Amino acid sequence: MSYFVTTEQANQVLSKLLETYDVYAPKRFPKQGRFSDTDIIRYAKVEKVDDIVYDEKSDFPAKEVINPIQQAIFYFTEDEFRASKGHTRPILLFARPCDINAQKVQARIFMDNGGYQDLYYARMRELINFVLMECPGGDDTCFCCSMGTNKTDNYVMAVRFGEDGLKVEVKDDKFAPYFEGAAADDFTPKFVEENQTKVTVPEIPDKDVLLALKNHPMWREFDKRCVSCGACTIACSTCTCFTTRDIVYGQNPEVGERHRIAASCQIDGFSDIAGGFGYRKTAGDRMRYKVLHKFHDYKVRFGEDMCVGCGRCTSRCPAYIPITATVGKMAAAAEEIKKEQGK
Amino acid sequence: MNHDINIGKVRTNCWRQSKVDGEFMLQLRVPGGVIPVEYLQYASEIATKWGDGNFHIGTRLTLDFPGIKYEDIPAVNKYLKKYIKGIEEDLCGVDMQKLAHEPHEWDEDSGYPTIGARNISACIGNRHCICGNVDTTDMARKLEALIFPSNYHIKINVAGCPNDCIKAHMADFGIVGVAKIDYHPERCIGCGACVKACKHGATRVLSLNELTGKIDKDPCCCVGCGECVKACPTAAWSRNPKKLYRVILGGRTGRQTPRTGKMFLNWVTEDVVLGVINNWQKFSAWALDYKPVYLHGGHLIDRAGYHEFKKRILEGVELNPEAMVAEQMFWHETEYRSNFNVKKPEDHLTAGPGSQG
Numbered sequence: 001m002s003y004f005v006t007t008e009q010a011n012q013v014l015s016k017l018l019e020t021y022d023v024y025a026p027k028r029f030p031k032q033g034r035f036s037d038t039d040i041i042r043y044a045k046v047e048k049v050d051d052i053v054y055d056e057k058s059d060f061p062a063k064e065v066i067n068p069i070q071q072a073i074f075y076f077t078e079d080e081f082r083a084s085k086g087h088t089r090p091i092l093l094f095a096r097p098c099d100i101n102a103q104k105v106q107a108r109i110f111m112d113n114g115g116y117q118d119l120y121y122a123r124m125r126e127l128i129n130f131v132l133m134e135c136p137g138g139d140d141t142c143f144c145c146s147m148g149t150n151k152t153d154n155y156v157m158a159v160r161f162g163e164d165g166l167k168v169e170v171k172d173d174k175f176a177p178y179f180e181g182a183a184a185d186d187f188t189p190k191f192v193e194e195n196q197t198k199v200t201v202p203e204i205p206d207k208d209v210l211l212a213l214k215n216h217p218m219w220r221e222f223d224k225r226c227v228s229c230g231a232c233t234i235a236c237s238t239c240t241c242f243t244t245r246d247i248v249y250g251q252n253p254e255v256g257e258r259h260r261i262a263a264s265c266q267i268d269g270f271s272d273i274a275g276g277f278g279y280r281k282t283a284g285d286r287m288r289y290k291v292l293h294k295f296h297d298y299k300v301r302f303g304e305d306m307c308v309g310c311g312r313c314t315s316r317c318p319a320y321i322p323i324t325a326t327v328g329k330m331a332a333a334a335e336e337i338k339k340e341q342g343k
Numbered sequence: 344m345n346h347d348i349n350i351g352k353v354r355t356n357c358w359r360q361s362k363v364d365g366e367f368m369l370q371l372r373v374p375g376g377v378i379p380v381e382y383l384q385y386a387s388e389i390a391t392k393w394g395d396g397n398f399h400i401g402t403r404l405t406l407d408f409p410g411i412k413y414e415d416i417p418a419v420n421k422y423l424k425k426y427i428k429g430i431e432e433d434l435c436g437v438d439m440q441k442l443a444h445e446p447h448e449w450d451e452d453s454g455y456p457t458i459g460a461r462n463i464s465a466c467i468g469n470r471h472c473i474c475g476n477v478d479t480t481d482m483a484r485k486l487e488a489l490i491f492p493s494n495y496h497i498k499i500n501v502a503g504c505p506n507d508c509i510k511a512h513m514a515d516f517g518i519v520g521v522a523k524i525d526y527h528p529e530r531c532i533g534c535g536a537c538v539k540a541c542k543h544g545a546t547r548v549l550s551l552n553e554l555t556g557k558i559d560k561d562p563c564c565c566v567g568c569g570e571c572v573k574a575c576p577t578a579a580w581s582r583n584p585k586k587l588y589r590v591i592l593g594g595r596t597g598r599q600t601p602r603t604g605k606m607f608l609n610w611v612t613e614d615v616v617l618g619v620i621n622n623w624q625k626f627s628a629w630a631l632d633y634k635p636v637y638l639h640g641g642h643l644i645d646r647a648g649y650h651e652f653k654k655r656i657l658e659g660v661e662l663n664p665e666a667m668v669a670e671q672m673f674w675h676e677t678e679y680r681s682n683f684n685v686k687k688p689e690d691h692l693t694a695g696p697g698s699q700g
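Sequence lines, in order, name chains A and B.
Taking the working numbering, the leading residue of the first sequence gets 1, the next gets one more, and so forth.
Taking the working numbering, the leading residue of the second sequence gets 344, the next gets one more, and so forth.
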């Protein structure tokens, strides 16, 4: 069942929903951008429909709600510990198809990998109800269609924002009562069918090609260009890597809390191991690792590419390194190698 | 050549004497160094019709036209009318019918009325620059309306950030855009990018706290540049939206006592900056005993002494809560001549009533 609600009605619906749900959506943080007088759009709790930024892609992904940049996982006192309680109220999470599909990718890592289910991800995911924000087309960094992540049916409601109101498809009946008395509409969400930017993921048929690609000189370009800040992985809808850090209370190292904090394969030191060895000591090596992971390695293991084509890594890169161009370069290098190896 | 030229009067109209007999160079004001490109047609016309076909970008960002004959000055002055009205009145909101804030008729065919208050220099600021904290063009235009036209000399340089590319430290007043920086620890991953950026490009005020994994900051020594914001991959640092400024005082070059300016005000709002500069005409008038002789502004501050200057320039200015003011001012001048200031008492330069003979 679909409805049309004016912005005023939508705010009334929202305030009713807020009695039961926490509502998270992309919100504008004025003048908090990297450069002066630029804004940041990131996920935060919203209490008014007007707070939701729908016509511009958020700088940071929806994953921040489910899998925050940092969270306390347990508290310890000498030999005892207690897990953090985490979020308790159910959540309505406004997200575009790329962000919703990204949670399939994250779920595989957290829930379906290594025979272990991650408690912190699992307990949060249980609370999440996606509200699909119909994507008005994204921007020139988007390439969801190339990655097959432009569509989803994983939502309880779908919304199209307009100047004078919202069109809402209520897919999960438990939300129907909130719209009692609202005007009926025939709205169903449309999905982006073509992006301005297209990406061809290279075919890497065997290990010899992969090894040659790994050693290809194309990666050396990034030794100089990439600043290894990790902004791409923080902005990434699917990256799951984290580290832990104990925060001790004052002077006593036996009392404190353990935090899970986002980590980045792009930051120097990520691959350092005991004895001082590091697997990827240059920016180019780290770039290669990331790109192959997103566009090859994950697929070998799980059957689908890890990237959802949201393009946020490109938008946030301070060094103007677009992932689309890098994948293009990798595809060209793979073709060159296959030709050389007669494949 | 036989000329009858009142050089002082010509200079007051922004014409500079040339070493070439009978020639002058026009200096067009470009407040903040930014003008709409349509105004370049005036530059082209002046250089082609009356000048030597070139223009020079002046050291204070003026557009200069050398090689103009003295005899052509009235025609050029007349031609300038549209440029002056467009830039000064329309862009900057200058009241051309005033002189040092007092009513004074301007003959619009006579070119620039004064040269005292120099063109306001500014870097491109945050309209373009990735480092800039403030809109320097906007600030320069607002300041222009406060200092021009006036026979009282003043040089103002406006820098968008503490990197100070425009050299605010070398002007009577250097206005520097600064930002208080907000920290969002919940977004911080402790990567240390900001620590490195601050160490490399600023004042080393950040350090990684090994106990918390978060950043400690020595706020006292933070210059407010925003390098940490630029470096942060997670937006854990952001500039506080309140626009603030640092005011550097008394920098100058020159044959006598060149020196770098020192910090006069820190973390002040635009209103404070405009209030201070608004008082400049009154301060200058008092210091020169109401006789606008051709004397560089920095020397007026010296003659009055810092404390007298401070009292007068801050008169009626309401400081914002964050504002800091220099209690003392210890400039360090280049000693071209040892004990430059030691001289007979009757040779001492003074300010205020009776000081100008």
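These are computed hints drawn from the structure, not numbers from a lab.
Bear in mind that the values here come from a model prediction, so they are computed numbers and not experimental data.
Be aware that a few hints might be false.
[To be verified] Which residues of chain A face chain B? A few of them, derived with a C-beta cut under 7 Å, are:
#1 Gln32
#2 Arg34
#3 Asp37
#4 Ala44
#5 Val46
#6 Ile69
#7 Met124
#8 Leu127
#9 Cys229
All residues carry an ideal CB built from backbone N, CA and C; glycine is no exception.
Check: Looking back at the numbered hints, which does the structure fail to meet, lowest number first?
Finding: Hint check: 4, 5, 7, 8 fail, others pass.
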